[in-house]
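Chemist: If you want the building blocks of each chain, they are given just below.
Number of protein chains: 4
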Amino acid sequence: MWNVGIIGATGYTGVTLISLLLTHPLVKITLITSNTYKGRKVSDIFPLLKGLFEETLVPTDEDHRGKCDVYFLCLPHGTSMETAKTLYNDKTVIIDLSADFRFEDLNIYEKAYVTHTAPELARQAVFGLPELYRDKIKGAKMIGNPGCYPTSAILALYPLLQEGLLTGDIFIDSKSGVSGAGRETKIGSLFCEVSEGFRAYNVGIHRHEPEIQKEVRKFQDLQIMFIPHLLPMNRGILSTAYSRLESPQTTGDILGLYKATYKNEPFVRIMDEGVYPDTRFTRFSNFCDIGLKAFEDGRIVIVSTIDNLIKGASGQAIQNMNVALGIDETLGLKIIPQYP
Amino acid sequence: MWNVGIIGATGYTGVTLISLLLTHPLVKITLITSNTYKGRKVSDIFPLLKGLFEETLVPTDEDHRGKCDVYFLCLPHGTSMETAKTLYNDKTVIIDLSADFRFEDLNIYEKAYVTHTAPELARQAVFGLPELYRDKIKGAKMIGNPGCYPTSAILALYPLLQEGLLTGDIFIDSKSGVSGAGRETKIGSLFCEVSEGFRAYNVGIHRHEPEIQKEVRKFQDLQIMFIPHLLPMNRGILSTAYSRLESPQTTGDILGLYKATYKNEPFVRIMDEGVYPDTRFTRFSNFCDIGLKAFEDGRIVIVSTIDNLIKGASGQAIQNMNVALGIDETLGLKIIPQYP
Amino acid sequence: MWNVGIIGATGYTGVTLISLLLTHPLVKITLITSNTYKGRKVSDIFPLLKGLFEETLVPTDEDHRGKCDVYFLCLPHGTSMETAKTLYNDKTVIIDLSADFRFEDLNIYEKAYVTHTAPELARQAVFGLPELYRDKIKGAKMIGNPGCYPTSAILALYPLLQEGLLTGDIFIDSKSGVSGAGRETKIGSLFCEVSEGFRAYNVGIHRHEPEIQKEVRKFQDLQIMFIPHLLPMNRGILSTAYSRLESPQTTGDILGLYKATYKNEPFVRIMDEGVYPDTRFTRFSNFCDIGLKAFEDGRIVIVSTIDNLIKGASGQAIQNMNVALGIDETLGLKIIPQYP
Amino acid sequence: MWNVGIIGATGYTGVTLISLLLTHPLVKITLITSNTYKGRKVSDIFPLLKGLFEETLVPTDEDHRGKCDVYFLCLPHGTSMETAKTLYNDKTVIIDLSADFRFEDLNIYEKAYVTHTAPELARQAVFGLPELYRDKIKGAKMIGNPGCYPTSAILALYPLLQEGLLTGDIFIDSKSGVSGAGRETKIGSLFCEVSEGFRAYNVGIHRHEPEIQKEVRKFQDLQIMFIPHLLPMNRGILSTAYSRLESPQTTGDILGLYKATYKNEPFVRIMDEGVYPDTRFTRFSNFCDIGLKAFEDGRIVIVSTIDNLIKGASGQAIQNMNVALGIDETLGLKIIPQYP
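Chains as they are written, first to last, in the working numbering: chain A, 14 to 353; chain B, 14 to 353; chain C, 14 to 353; chain D, 14 to 353.
Here chain A stands alone, though its shape is the one from the complex:
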């Protein structure tokens, strides 16, 4: 039984970690923190937990080192690296859900975010996308959990990139539910500013673009454009990626490649020809669903969906923990979602 701490437990990724970890047979949540709600029961903040998990929140700004075997950091970037420095040692697994430990090249990080104050820790961190880096994650002590958009985009492109099949531009048109913006109060996240509307945002300047770009460049030297949009719904990301194959292939052949690439992956589902994903079918699960169509002239469109809070954040973090600890990768993630 591992003791687990959630640092910053009252945002959407924090409460999602709680819900999922309560189903995990080998861990126990022994620490939940919040500065805003310290001293209160988490089930008072999220009454859905009433009768299920009623622990009390302790301040984030305390010294929590050595208390847990695994820490999940659900903190803003910048803050997270400071906390990670404090908690880090060689017996503890730290999984950071901010952007602070996602970049091998800190120049890219610092251009998009802020000056990095824990560069050595960042350099030994592993980018926690199990489908690409499972071997490195095994036994890792410091894991940078990928961004939600990058998870959806990279999994959509990886089989093609790995084989070096793409050429020219890659345009990634992504759409996310509002929970991706977190639980902070801002005008743009108000119900009345989102409902019955749809918009692109951060066009050409979203910080997930360099994160996707650096992963793409590991396989092919291609330029991506990433445009995020805000969907009037709670959860889910759908990414539609447009590009060209160096030489045309059939949809069936490319689907075959995808099925082969992901055949041992417990959380990637490849659609049949003519079927495309809907966010409602990955909602509340750790799945990434992928469908695609290849055209006779080499153009290709790939559609992927994830739940931004599960495979795009807390679910993937648990998957990373399982891989790091060497236990069954699906523990805590055997969710049977409901419909509708």
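Among the hints, erroneous ones may be present.
Identical copies look the same in the list; a pair holds intra-copy or inter-copy alike.
[What the hints assert, rightly or not] Think about it this way: if two alpha-carbon atoms lie no more than 20 Å apart in a straight line, the pair counts; the simulated SDA-like pairs of lysine to any residue are:
id	residue 1	residue 2
1	Lys199	Tyr50
2	Lys41	Lys347
3	Lys347	Glu259
4	Lys124	Arg220
5	Lys104	Gly152
6	Lys124	Asn215
7	Lys347	Pro38
8	Lys347	Thr36
9	Lys347	Leu65
10	Lys54	Ile349
11	Lys199	Asp74
12	Lys347	Leu39
13	Lys41	Ile340
Honestly, the hints are just simulated from the structure, not real lab data.
Given chain A, put chains B, C and D in place with the hints provided.
Modeler: Relative to chain A, chains B, C and D alone:
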């Protein structure tokens, strides 16, 4: 291990039964039927089940008797009683989610619905509300699963009724998400006819009124008025009940009564004073949450929430199955919901 | 041509006033203020106004007296009375959308809100519900625009109260879209905290209860209970009121009374028997729709809908202005709404 | 005063035509038809029209020739061309909202739709996109109103295409509200099948693709890919188009080109640099809003929004009528939308 059949598996209650029963350690779904989708995999209709449950639908209109230990009937009223007659024997548990087996007095049923063609079976059926009738459900072979609105209303009123504390009118103002209308194509259930709108419907003529009324009358001879409204959301019912106490009591006292009444109930949660339920906190779970306020002059308002597809239908059906079979009542219902 | 100023123009009531007044043939918006957005074009804040109205916002905290013939105050209660004192003179019409000038009896106001600092002005203010107080509004200089919930509730009950037909309790179960909470950033108004959920709030302590109660008491000495609920949608209020007639009458008779009472009202529509309002049919218009059912035993249920930002706020404010100025009451309010 | 008939008045485009035309000072709606609702008042079907427009629907399947000066056909493709043949003469303006008269090359039409049974009429029809074909629309008797997606896509690309500035692929990622699917009952349009979900559909096979493609080819011989997605909201289309400029230019320069191209257009608004459209800002209006960003390496992304029922259907139809009749193009379209 019990073999379970779901007759009519491609409506919302059917697919919810599948999702929940897949987490039940003592049952196996061995039969799923659909006339509309016969011959197709259920995961093609509901791709969220891909990789989780990929069985093939067989026609509803076949003879399924003797195949299963438990049958859930997710059929329209009228049809359901015919199917029940066919499947019934003393070794099988039948749980009917239609209205056909909810009424002890068939005159009431026939006034609201149609002529009953299985009156003997109806007379031996048990009204499957475990919080009120657990003892009768134990060992029962024919169970009429309560309606969604009645479940929310009766649980909200039961502690007061049982003690005979109410007087005068009872007004029940209920609001339901759209999944309560089922998965049939009708103008009134179209997205554009529901979204950004709210309305009362079936005012004074909804067939759940006699179902609530007959239960109320078992305890106190009081007249209810029940007005349903349609919420622009998928799941959840909130009922607000208004009445008067024969003699005024404090909110704290009445909450104490509720807590005492439901203290051994695994699926009823009583809110603290000043806290009231939100459908999002019972969404995807089998809980019924109840909050209330008593006024100095004897007036009282009680607010209850359920998930209409779980505690209001499929979850309660599984709870009934568990009670009938004499196994742990919470099996298949240990859901940790997610937020938001 | 009257010059009109909107003090606090960047909340939802402010921008609604702009949209409506742009269609008014006899007024010109010459002043729009905002402390938050001062110096910016209002069409930058609300780009739907681009090309339609591109004036610049000036600070609210400046001396605006004598600049306009009519002022609409869209300010928080407490602040509003201070501003009203400054702007008030006998040549100017002030219409206050806060609660500060709605109460003849300041004891009631102060119990629910704060100490009143402009009591003399409050005493000469008129409660701006034209259907009840049109004669007083004519020529008035200081008008307290009613709350959204009270508008929906009072219009629903007025014909019965006026005739003294009710007896016993009046329970008013109201449901409002989120725009009723304004454009302030608070957790409870975030998309993810509202969407796919429904809850009662301020149970027994909402400040619109004394506002409704004092109007009811002007006609019948009856006690109301008012319970508001939050709908997952932008706009609209539906109130369901439950009570009893002293002596039973038919639905047809009562509908006849309603049609007679409101027969000259341009903005009240009475439904036919068996038809009940939907908020989507009053959305974006100044209408109040009312349907009802009377039961044989004297019980009665009345359902009313309004758009909370139009008839519940800015539209009614314009109606009040028109009445006060003695011009056609429907100017600026001849909206043909669209569907869906 | 022109007499106007709406053939098929109870779908969403029909009721939108009614709402808009009621504000048009030079026309009178003298004919509304519906087979489904014949004999009923249109305000019974859409109660928002109560007190505003209460005419009775006559059967569509009657001979309506010679009754009106202008006919709007809101019928399914295939049916529409048959009706057009009947109504056509040289004194009447027919504006068809189906696809039947949008294609100069009937081979393209027949490949995507059905055999054309009115080919001569089709050949003299004008494609009703005023921003491109205003001169041809003037005096036209038979106008094919463009599809909603094509309107949003073509207006987004036209300034670049006209100047021949694009090269390589054009990927058009479009997202539409549910009203684009019409008011027919089908599973995929049910609230519970749309809400809290997002999906691509008709990938590579949507019939608006050839309509966009044939317009693009009039200017540049480039291949488009068009992928539509379904948004969980009522109204609005946002199209995000990705391509490359033959030679890189600044965002400012390209915006300048757009502003110049559309400078006399009453219904096209070009955003400032760094600002991108939101469907909620064109909702309920006839505007098309366009924002864009050009990258240093020649890549370009253009974002456009329309209301699919207004500029994408009924509003554009009225604009076409106004142009055809030679009257002020904005009559009936001077909508001041509300927020939120």
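Chemist: State the violated hints by number, sorted upward, taking the hints as numbered earlier in the document.
Modeler: Violated hints: 3 and 11; rest satisfied.
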